[in-house]
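Please construct the entire structure, taking both the sequences and the accompanying hints into account.
Its first residue numbered 861, the sequence shown is counted upward by one per residue in our numbering.
Keep in mind the hints are simulated off the structure, nothing from the lab.
Be careful, since some hints might not be right.
Here are the computed distance ranges between Cβ atoms for each label pair [stated by the list, open to error]:
| # | residue 1 | residue 2 | range |
| --- | --- | --- | --- |
| 1 | 915 | 1009 | 41 to 49 Å |
| 2 | 1012 | 912 | 27 to 35 Å |
| 3 | 931 | 902 | 14 to 22 Å |
| 4 | 994 | 1024 | 15 to 23 Å |
| 5 | 998 | 1026 | 32 to 40 Å |
| 6 | 914 | 948 | 32 to 40 Å |
| 7 | 1006 | 948 | 26 to 34 Å |
| 8 | 979 | 914 | 22 to 30 Å |
| 9 | 915 | 935 | 20 to 28 Å |
Subject to a maximum C-alpha distance of 27 Å in a straight line, what follows is the list of computed DSSO-like cross-link-like pairs (lysine-lysine) [unchecked claim]:
| # | residue 1 | residue 2 |
| --- | --- | --- |
| 10 | 911 | 937 |
| 11 | 937 | 1036 |
| 12 | 909 | 937 |
| 13 | 1007 | 937 |
Even for Gly, the Cβ is constructed at its ideal location relative to N, Cα and C.
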Amino acid sequence: MRMVRARPSTITRTLVALALFGFVSACSQNLNQDVIDQERQAFALVEVKQKQARGHRVWCVPYARNLSGINIRGNAKDWWGRAHNTYERGNEPVVGSVMSFRATSGMSLGHVAVVAEVVTDRQVVVNHANWNRNQVSLEMGVVDISKNNDWTLVRVESRPGQYGRPYPVNGFIYPKDD
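Structure follows, in structure tokens:
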């Protein structure tokens, strides 16, 4: 006699999968703060695609705001000052923080990028928009070349393994804990 085991219904299997996914997601969010928020990343990328589809330019500020949850408006060069008394700021990179670049002659509006990974105390990986005109650049390396190891001067990876000229940085703006 052959035993036939009843298979759980599709609804039951779906509910179990969702419950497991929720449990794993909750655990990973609570235990590992070193991973960029994937929901925010997906949202930020959808916003970029929508802008591109409408023929609008993709800028670093809205992308960084959507990805980090740091709700600052205005040009990137103004973020550091606007963060004062609203967001914590410092010179230590943290996943999810915004690296605030100072304005330069070649980058008159400044720039902001979101730290996606801290590799070493002198190297991070960032996600940002409009470093390459009208594009999002994911997982680009940034190295601290400042004399005092304080992230005030960096080089950004322009192509895999190739780092460009030095750029001055104000520091890092940290998102608020929800």
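Status of each hint after checking the structure:
1. 915 <-> 1009: 41 to 49 Å: 43 Å, holds
2. 1012 <-> 912: 27 to 35 Å: Given about 33 Å between the Cβ atoms, the range holds.
3. 931 <-> 902: 14 to 22 Å: Between residue 931 and residue 902, where Cβ atoms are some 19 Å apart, the hint holds.
4. 994 <-> 1024: 15 to 23 Å: 18 Å, holds
5. 998 <-> 1026: 32 to 40 Å: 23 Å, violated
6. 914 <-> 948: 32 to 40 Å: 35 Å, holds
7. 1006 <-> 948: 26 to 34 Å: 20 Å, violated
8. 979 <-> 914: 22 to 30 Å: 36 Å, violated
9. 915 <-> 935: 20 to 28 Å: Once the Cβ atoms are compared, 22 Å apart, the range 20 to 28 Å for residue 935 and residue 915 holds.
10. 911 <-> 937: 22 Å, holds
11. 937 <-> 1036: Since the Cα atoms of residue 937 and residue 1036 sit roughly 21 Å apart, the hinted pair holds (cutoff 27 Å).
12. 909 <-> 937: Judged against 27 Å, a Cα distance of about 25 Å means the pair holds.
13. 1007 <-> 937: 23 Å, holds
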